[in-house]
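Undergrad: Sequence:
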Amino acid sequence: MVTAALQTRMSGTPAEALDRARVAAARVRDPEMPMLTLVDLGVLRDVAIEDGRVVTTITPTYSGCPAMATMRDDLQRELQDAGFEGAEVRVSLTPAWTSDWITEEGRAALKGAGISPPGQAPKHQGPVALTLMPTKRALTCTLCGSADVKLSSEFGPTACKAMYQCLDCLEPFQHVKEI
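Numbers 4 to 182, taken from the working numbering, label the letters of the sequence shown in order.
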């Protein structure tokens with residue numbers, strides 16, 4: 004329910020206020036990959052008005068993602084700056100985030116920044132087997148396009164990225180993992 008006070012404070016109809024809140028939320032960038040917005044990354048799951056205030060829902064890429072607090076704070080600040088005092092940011096772990104939620108615009112932004120975007124996430128029926136071997140991925144160098152690449156480290160500068168090196172141009176590059 005949208006109260007008269009909220010409507011006055013936000014100016015316009017409830018639908019216009021919700022549109023403004025969505026636009027404000029869509030401006031927030033990922034702190035670890037600033038070429039992506041939370042929308043591009045698929046982390047921003049919902050923007051709604053509940054009980055007279057804006058409520059957003061975000062889902063972390065990993066349940067222990069250290070950037071979640073910054074994402075939450077940046078989202079709350081952006082909404083406040085847009086006139087939505089008391090906006091609430093909820094963190095939801097279900098459904099679990101998947102790299103398939105990254106938008107096409109986000110994938111293009113990653114590639115443009117020299118980061119290899121993820122392929123399609125693996126589909127699992129039942130329990131996921133634990134393997135200690137590196138994940139085999141079909142990807143190409145973000146600089147020269149060569150498919151002759153090797154895994155340098157399964158763990159890059161963030162938990163959601165792996166490090167690769169091109170064996171043709173010898174340049175290292177990051178790859179966003181398929182989850």
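Source of the hints: derived by calculation from the structure; they are not laboratory data. Hints are supplied without guarantee of correctness; some may be wrong.
[To be verified] Ranges between beta-carbon positions, derived for each pair: (1) Tyr65 / Leu154: 16 to 24 angstroms; (2) Gly15 / Thr143: 46 to 54 angstroms; (3) Pro37 / Cys172: 22 to 30 angstroms; (4) Pro125 / Cys172: 26 to 34 angstroms; (5) Lys126 / Thr60: 18 to 26 angstroms; (6) Lys126 / Gln83: 38 to 46 angstroms; (7) Gly15 / Gly122: 21 to 29 angstroms; (8) Cys172 / His127: 31 to 39 angstroms; (9) Asp103 / Pro130: 39 to 47 angstroms; (10) Ala150 / Gly15: 46 to 54 angstroms; (11) Ser66 / Thr143: 46 to 54 angstroms.
Note that CB positions come from ideal geometry on N, CA and C, so glycine has one too.
Undergrad: Hints first: check each against the structure and report whether it holds.
TA: Status of the hints after comparison with the structure:
{"no.": "1", "hint": "Tyr65 / Leu154: 16 to 24 angstroms", "verdict": "19 angstroms, holds"}
{"no.": "2", "hint": "Gly15 / Thr143: 46 to 54 angstroms", "verdict": "47 angstroms, holds"}
{"no.": "3", "hint": "Pro37 / Cys172: 22 to 30 angstroms", "verdict": "25 angstroms, holds"}
{"no.": "4", "hint": "Pro125 / Cys172: 26 to 34 angstroms", "verdict": "29 angstroms, holds"}
{"no.": "5", "hint": "Lys126 / Thr60: 18 to 26 angstroms", "verdict": "24 angstroms, holds"}
{"no.": "6", "hint": "Lys126 / Gln83: 38 to 46 angstroms", "verdict": "40 angstroms, holds"}
{"no.": "7", "hint": "Gly15 / Gly122: 21 to 29 angstroms", "verdict": "42 angstroms, violated"}
{"no.": "8", "hint": "Cys172 / His127: 31 to 39 angstroms", "verdict": "35 angstroms, holds"}
{"no.": "9", "hint": "Asp103 / Pro130: 39 to 47 angstroms", "verdict": "20 angstroms, violated"}
{"no.": "10", "hint": "Ala150 / Gly15: 46 to 54 angstroms", "verdict": "52 angstroms, holds"}
{"no.": "11", "hint": "Ser66 / Thr143: 46 to 54 angstroms", "verdict": "30 angstroms, violated"}
Violated hints for the displayed structure, listed by number in ascending order: 7, 9, 11.
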